[in-house]
Every structure is written in structure tokens, then in C-alpha cells.
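> So the chains spell out like this:
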Amino acid sequence: MADRHLEPDTPELRARWGNFAWTEANAAQAKVVVARYPEGRQRSAVMPLLDLAQRQVGAETNTQGWLPIPVMEYVASYLDMPIIRVVEVATFYTMYNLVPVGKFHVQVCGTTPCMLRGSDDLIAACHKRGMKAGHISADGLWSFTEVECMGNCASAPMVQINDDNYEDLTVERLDKVLDALARGETPKAGTQEPGRHTVEPAGALSNLTAMVGDNHDYRGEW
Amino acid sequence: MPKVTVDGVELEVPAGATVLQACELAGKEIPRFCYHERLSIAGNCRMCLVEVKPGPPKPQASCALPAADGQVIRTDSEMVKKAREGVMEFLLINHPLDCPICDQGGECDLQDQSVAYGRGSSRYHEHKRAVTEKYMGPLIKTTMTRCIQCTRCVRFSEEIAGVDEIGALYRGENMQISTYLEKASTHELSANVIDLCPVGALTSRPYAFEARPWELKKTLGIDVSDACGANIRIDARGREVLRFLPRNNDDVNEEWLSDKGRYQADGLTRRRLDRPWIRRDGKLVAASWEEVLPAVASINPGSSIAAIAGDLVDVETMYAAKKLLAELGSHLLEGRQTGMAYAADNLAAVNFNTTFAGIETADAILIVGSHIRNEAPLLNVRLRKAAKQGAKVFIIGPVWDPTYKAEFLGTDAAILNKLPQHVWDALAHAKRPAIIVGGAGLARGALEPALAVSNQLGFVRTLEDGSAWNGFNVLHMAASRMGGLMLGYAQKGGIADLVAAAPKLVLSLGADEVDYSKFAGSMVVYIGHHGDKGAHAADIILPGAAFTEKDGIFVNTEGRVQFSERAVFAPGQAREDWTILRALADAFGVNVGFDSFQQLRTSLVADFTAFAEEGLVDYGALPAGGGEASGEIVYPIADFYLTNPIARASATLQRCSAELLHGEIQAEAAE
Chain Z
12 MADRHLEPDT
22 PELRARWGNF
32 AWTEANAAQA
42 KVVVARYPEG
52 RQRSAVMPLL
62 DLAQRQVGAE
72 TNTQGWLPIP
82 VMEYVASYLD
92 MPIIRVVEVA
102 TFYTMYNLVP
112 VGKFHVQVCG
122 TTPCMLRGSD
132 DLIAACHKRG
142 MKAGHISADG
152 LWSFTEVECM
162 GNCASAPMVQ
172 INDDNYEDLT
182 VERLDKVLDA
192 LARGETPKAG
202 TQEPGRHTVE
212 PAGALSNLTA
222 MVGDNHDYRG
232 EW
Chain D
254 MPKVTVDGVE
264 LEVPAGATVL
274 QACELAGKEI
284 PRFCYHERLS
294 IAGNCRMCLV
304 EVKPGPPKPQ
314 ASCALPAADG
324 QVIRTDSEMV
334 KKAREGVMEF
344 LLINHPLDCP
354 ICDQGGECDL
364 QDQSVAYGRG
374 SSRYHEHKRA
384 VTEKYMGPLI
394 KTTMTRCIQC
404 TRCVRFSEEI
414 AGVDEIGALY
424 RGENMQISTY
434 LEKASTHELS
444 ANVIDLCPVG
454 ALTSRPYAFE
464 ARPWELKKTL
474 GIDVSDACGA
484 NIRIDARGRE
494 VLRFLPRNND
504 DVNEEWLSDK
514 GRYQADGLTR
524 RRLDRPWIRR
534 DGKLVAASWE
544 EVLPAVASIN
554 PGSSIAAIAG
564 DLVDVETMYA
574 AKKLLAELGS
584 HLLEGRQTGM
594 AYAADNLAAV
604 NFNTTFAGIE
614 TADAILIVGS
624 HIRNEAPLLN
634 VRLRKAAKQG
644 AKVFIIGPVW
654 DPTYKAEFLG
664 TDAAILNKLP
674 QHVWDALAHA
684 KRPAIIVGGA
694 GLARGALEPA
704 LAVSNQLGFV
714 RTLEDGSAWN
724 GFNVLHMAAS
734 RMGGLMLGYA
744 QKGGIADLVA
754 AAPKLVLSLG
764 ADEVDYSKFA
774 GSMVVYIGHH
784 GDKGAHAADI
794 ILPGAAFTEK
804 DGIFVNTEGR
814 VQFSERAVFA
824 PGQAREDWTI
834 LRALADAFGV
844 NVGFDSFQQL
854 RTSLVADFTA
864 FAEEGLVDYG
874 ALPAGGGEAS
884 GEIVYPIADF
894 YLTNPIARAS
904 ATLQRCSAEL
914 LHGEIQAEAA
924 E
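Order-wise, the sequence lines are chains Z and D. Residue numbering for the first sequence follows my numbering, beginning at 12 and increasing consecutively. Residue numbering for the second sequence follows my numbering, beginning at 254 and increasing consecutively.
Some clues are possibly wrong.
[Unchecked claim] Here are the in silico distance ranges between beta carbons for each label pair:
1. Z:D175 <-> D:E282: 42 to 48 Å
2. D:V652 <-> Z:A39: 48 to 54 Å
3. D:G711 <-> Z:R66: 55 to 61 Å
4. D:R714 <-> Z:R66: 55 to 61 Å
5. D:F661 <-> Z:A39: 31 to 37 Å
6. D:F661 <-> Z:T21: 35 to 41 Å
Hints are computed from structural coordinates only; laboratory data are not their basis. All values derive from a computational prediction rather than experimental measurement. Beta carbons are placed, not taken as given, at the ideal position from N, Cα and C, and that holds for glycine.
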């Protein structure tokens, strides 16, 4: 996160994105989003609209999408709010990309539970494929970020790629996911552990066994 | 009214007070960085932690905690001491130890509070965060590594200035304060963030590395850059004024100062008239006092003498000139240099009667021909407060950005003769209606119809709570205006009367905005401090003192008499203006009745008792008005930063004008 920065405001950037405007579908969606908020509080829509804008940029560039400065200015004028307030929001949340990213933005969790379960190996595997923080791989497919906890500790280690989480990873399973994505396929999101559906206990139930059938009051046993 | 106990002392605090305010009422000092009386509460520095019972068993941020009945607050317990030490230690983790090269040194909240509440030594050995400098314009110098992220500057720009220029980008440890894309901060009050910054992150760029606060002699003065009469502190070292800082005065400037008032200090040392000059063969040549006084006397004007007061002169100077002219048998006094000729026989009609503090509470305001942000930035802060509380604001004149919601009715002054129905209704139904007539309005004859509106709708009234309300206001732009009008510096026909009288001698008291070509047949004697337009047109120049170089009385546009004190002496052979006028009396062989400044003031107070003490002058009742306004409104101030001779001489303000108003890009020298 420390290396987050805004893409410089250059004439080339202005030329590419200066005439950004909602597509027809997104214009309708933007109206729906703004209508969720009470009269006079339209500015609250800044976060969903920034996301929408990022997705539109992504669709135009065939990447996950990012927020060039003219696009942020467009959102600011759309909501009639000061541009600096929009930039504050966009720079605060790491889900908004401030610089161009590849088609797949690989975010590897490196926080303690994932690290204990082998996230270091996943990071090494990513590096081996040419991914490097803050860079887009030569084929334009991959961007890489090491992130903090994504809340999937029960199925650690995990990786988030664009909108999907891939959990219970090993190097081999990650390779399989990445290869599938590179081929243009859509691998199954969620846990990659065979036989596991979500984050239910792996193997047999180890505690709270008395509650499998119906409710059980443990308080007397404490 | 909740009753709380602070360190064992029970006291009652006003409803809605915070625990911090309760502690202050009890006389306890609470350290703080982010909390500021005039800004919203952020609660992010955590320095104001105190122990509060009942409540969770941990220190609480007192600035954001409402005082409640029965609270037992401790500011002196071991828990509080430890909490403060801890917070201070965290704040200092990323704060550089560069006090010796920091301009804030000696007047730094962080420095003072770390001495008072800190641990005394650091346990931190890791790397400190470093942040790149952010460009914020020609006035604000940034050293962002020093920032402790109190966000006072962000809140000032959003809440007080109303321009949303400054923001906090990124998050956590990487949070950075910046303007959007590091553009220059352009608001006329932008430099107040320098005073608000509790550390050395935002400091004054023109004042960088000039002096330490303990080297400076502090003098209480009055700002003359506009007619607000902001209270300032003049900081001088030796013979040079180094900076102006605002003083607290809730009735006038709260604690803000316009950028022009703050940064005209360097203009006081440039383009100065430090010796007499006399025109020989069409060219001004340097002379001595011994030469010029007889030269003035040899003009021998008799009663054919007129005096024009400039925008920056004090009441004493104008009074001394008035006495001199009276002794010579002339009453040709005028201060409205640009030729305005509104009636000045009833001063209530040309006064800001609502007062600045009062206009905050107005609920409907009609502004006629005034670009308030340029003409009185400090008043715009008040109007913004009123508008935020729901006041409806209507403006007649070309469009400008008021920073609050306002309706522009058009640019023709004639709109005032018959106001649109919805404006009339809004003013008629308002509890506290107000009208503000600016200089551009006065020039189009808006004074009389404005008085008529105020009269018809009863803008002078007694409010429900029994207090008096006077909603009629005229906003002047010159610091000397109200004082001059009180002394009678107003002819019926304005300056045209002086031209018509074709006096042999025109005494120009720092009048730099006059069209002197109309006085081609007169000898012009200029008493002033800057080599500006007036000096160029003069036949004889008598070097006078600037407002920092003399004691003086100024009356602001509210009719508030305020005393300014001398901070330094005038340079070279320049003298205080009243002594020059006294010497002229000798040269003309008349007796003006005073030999010392004290005698001058005594005589002044004897003639005009209102000048005896500071405070608002009572000008009596408003006239009824009548008449009609007509013509396009044109705001008189084209360049906010260069409105008076001192400002025009200031390199800082010249740069502000070039960069902020005319968009010139100033190349930074490589350091």
C-alpha cells in the first residue's frame, strides 16, 4: 500500500481519458445508484460510482480497470462535489486502482494466517511468472499486489483475482487457476480443496460436536 | 446546564459543552492539536485524553465527548499522564527532529506540548516516515514530513474558506495533506492555515528563515488593506517589519487575516519615499527638508488649498490636515478618491450598522454591487456562516463565487428600484433582514433606493429577544473611509468639487487613486510613504510614515474606532505625517493649536468625542432614502492583491497576482 500513488496528470492522460463519459448501460446504472441516497446526499454515491467508473475503464482497456484523474473528475462533476473529496476516497480504499493494472489483478494475502499456511510460496510462484508489485507483466495479463487480511483465514492461504477469491491454495493449485485464467477459462472460485464446499471444517468436526443435530447449551460445561 | 467535577472542583457548564471545554472552564489546560474552537471536531490527534467517570475504564478524547451531568473528570491522574506521554510518543515517531531548521521553532504547539507532556526521551530507533513536499502556492511553504495529520487545514479550507482545496490523501501512515494535483491554494484567506498548523508542516513562504519568534518585537496594530480593520500583531526586528499576524477579536476578524493584509509586510521596505523630492524642470529631484518646506510655503495658497486623503491614512493625519486647512480658511476636504459623491451628511447611512458579528445571524441578505471576497474577505466568512445557517443571499452585480448558495439577480443596479417579488418576499418575511451596499453599488446611486427598501421593510427593528437590529449596511474598501467621513472629508459633489474650486495647492495625504490630470493647474504636495501614482504626479514630495510607523486611529466600515500602535520608525528622513503637517503650519505662518501628538489627540477628542475610546460609534437614525439606481454594476477591484501602494510594492503580492490571478507559471529555482 505504501507505494500507492496517483498516475501523473499528463497531456497524454488527458487526451486518452479527457472525454470519458458513462456508457449507456452505466449511465442508467449510475442513476439507479444515485437514487439510493436521499435528496441532498447524492455525494454518498461516490464509492459505487467510482467502482462503476473503474469497471468501465476496465471494459474499455480489457483490464481490471483503474481510475485516471480525468475519470475521477468526471465522477466529481457528475455528483457535483469537490474533486479533492473524490480523490480522498479513491486514494483511501485499496480496491480502487490508481495506476493501470493488467487483465488479472492478483492480490495475494500475506497476513499471518495465510503466511503460516504458505503464502510465501504463492508469492514466490507469482514472481516466477513475472509478476512484480506495481508492474504489469509483459503479456499485459497480470498485476500483482501483496495485501493484508482479506478475511478468508479459515481457508488460508488465499488469493483474490479481480472479483473472485481462490482459497486453500498450494503452488500447484494456484498455477492451475492462473493457467486457466490465461487460457480464458473461468476456474471455480472459492476453495480449491477437493471435497470442500465453502469454509466448513476440513475433515471431521473438531469442536462443538454436540451442536451438529440440534442446539446444545455448553454453558454448564465451561 | 450539566454539573461536572473537574479534578475535585464542581462546576456548572453550558449545555452542549464538551468535556474539554468543561476542563478549560475549570482552569485546566488540556493539550490538543486537532481541536480548534472555530473548526469542527475531528478527534484524531488523541492528545486531549482525560479520565472520565462514569465511562469505560480508559482515557477518553475530551474534545469529542459531551459534558454530562454528574461526570467526574480527572486531568491530573496517573492514567492521564501516561496517556498523554503515549500519544506524544506516537506523534513523535514520524516527526523529524529538525526543530533547529524549522520556522515553527519557538511557536510550535508540538514543541511546547512535548516539553510539557512528553516523556523526555525517545525509545524509537526504526526509520521515520518521509513525505515529499507539496506545492501549495506562493504563500504557503510545506514540509510535509513534519505533518501530524491533525487535518486543521483541511477543515479550514472546507468549513471557513469554503473552497475544498486541501484534502488528506491515502490512508494510515501514508496519509498526506495536499491540494488537488498540488495546485496553488487560491483563496484570499488561504494563509490562515499557516497559523492553524500546530507544527511546522505549513509555514509562511515569504517569511521562511527570516527570524525566530523571540527576536521579534510585537506591536498591536490594525490592518489597513481593507475597511474591515482586522486586528493584527506587527512583528518587527530592528527597523524592519517582518510579518503581520492576526490577533483574536471575535467582533472583527475572529482570528483570521486576509492574505493581502498578511503579506504586504515586504512592501513596507520597497519603493519607499525616504527623503523629500521636488519637481524642477518637470523632473523630480532629491531635496532636503530645509529646501522643500520653504518651497511649499512659497506657493502661498492662502485659502486656495485642498486636501485629499488616501485609503491608508489614520484619523490623526486627516485631522491635522483638516486643522491646517481650517486655519488657512479652506474646507476643501475629500477622501473618496475615485470620484464617488454619495451623501455623507448622515453617517448611519454609510455605515455597516449590523456589525460583522451581527450579520452572521441574518436570515436574508441582499448584496448590492459588492464582490465581497475581494472587498472584505473577512466579511465573506461571516456571510458564509449565515448562509450555512439557512440565510437566503441575493446579489445584484456580475457573478462571482461566494462559496455559499446565493442567487444573482442581474448586473443592472436598477433591479434595486423594483426588486423581484420573491426577493421582496424573502426580505419582508425575514426576522433579521440585511442589505449590504458595496462600492460598485454606491457608484450607481444605490444608496438612496437601498435606504428606501430598508425603510419600507423596517430593517431597523427590535427583535423578539428585545435586542436592537439594524439591517442597513454599506461596505467600504478603504481603511481611512469612515474616519475621513467622520472628519468631514466629503464634499457634496465629491472630488469634482475640488476640481471645480481649482485650488492653488492640493495636499495629497497618500492619495494614490486620484486622477491628478484634473489638477493640472494646481501644485500637488504629496505626503505619503510609497513612490506610487500619487508621488508620480506630485510637485513636491514630503516623505511620511506608513501605518506601522505611527500611532493612529482607524475606523472600520462598522464605525468601530480602533487604535494602532507604532512598531518601527519611518525610514531615512521620512517623518510621521502629523509632524509634517505641523511643520507646514509653521511654514504657512498659521497656528494649528498642537505641538505634540498628545496635544493633537486631545484636540481631536475635544472636537470629535467618538475618538476618545475604542468601540462602535453611534451615528444615530437612518434617513428615509428615495431616489433610483441605474447603470451596470462594475466591481472596482480588478486585482485583489494589488489594491494599495504598500501591496503594489510587495514582491510577494505581485507574485500572488501574477500566479494566482493571471495564471503565470513561476519557475522554482533549483535548490
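> Indicate, hint by hint, whether the structure satisfies it.
The hints, checked one at a time:
1. In this structure, D175 (chain Z) and E282 (chain D) break the distance hint of 42 to 48 Å, their C-beta atoms being roughly 55 Å apart.
2. Checked against the hint of 48 to 54 Å, the C-beta distance between V652 (chain D) and A39 (chain Z) comes to roughly 34 Å, which is inconsistent with it.
3. About 59 Å separates the C-beta atoms of G711 (chain D) and R66 (chain Z), a value consistent with the hinted range of 55 to 61 Å.
4. Range check, R714 (chain D) to R66 (chain Z): about 59 Å between beta-carbon atoms, so the 55 to 61 Å window is met.
5. The hinted range of 31 to 37 Å is satisfied by F661 (chain D) and A39 (chain Z), whose Cβ atoms lie roughly 34 Å apart.
6. Take F661 (chain D) and T21 (chain Z): their Cβ atoms lie about 37 Å apart, and the range 35 to 41 Å holds.
Consistency note: the structure conflicts with the earlier hints numbered 1 and 2.
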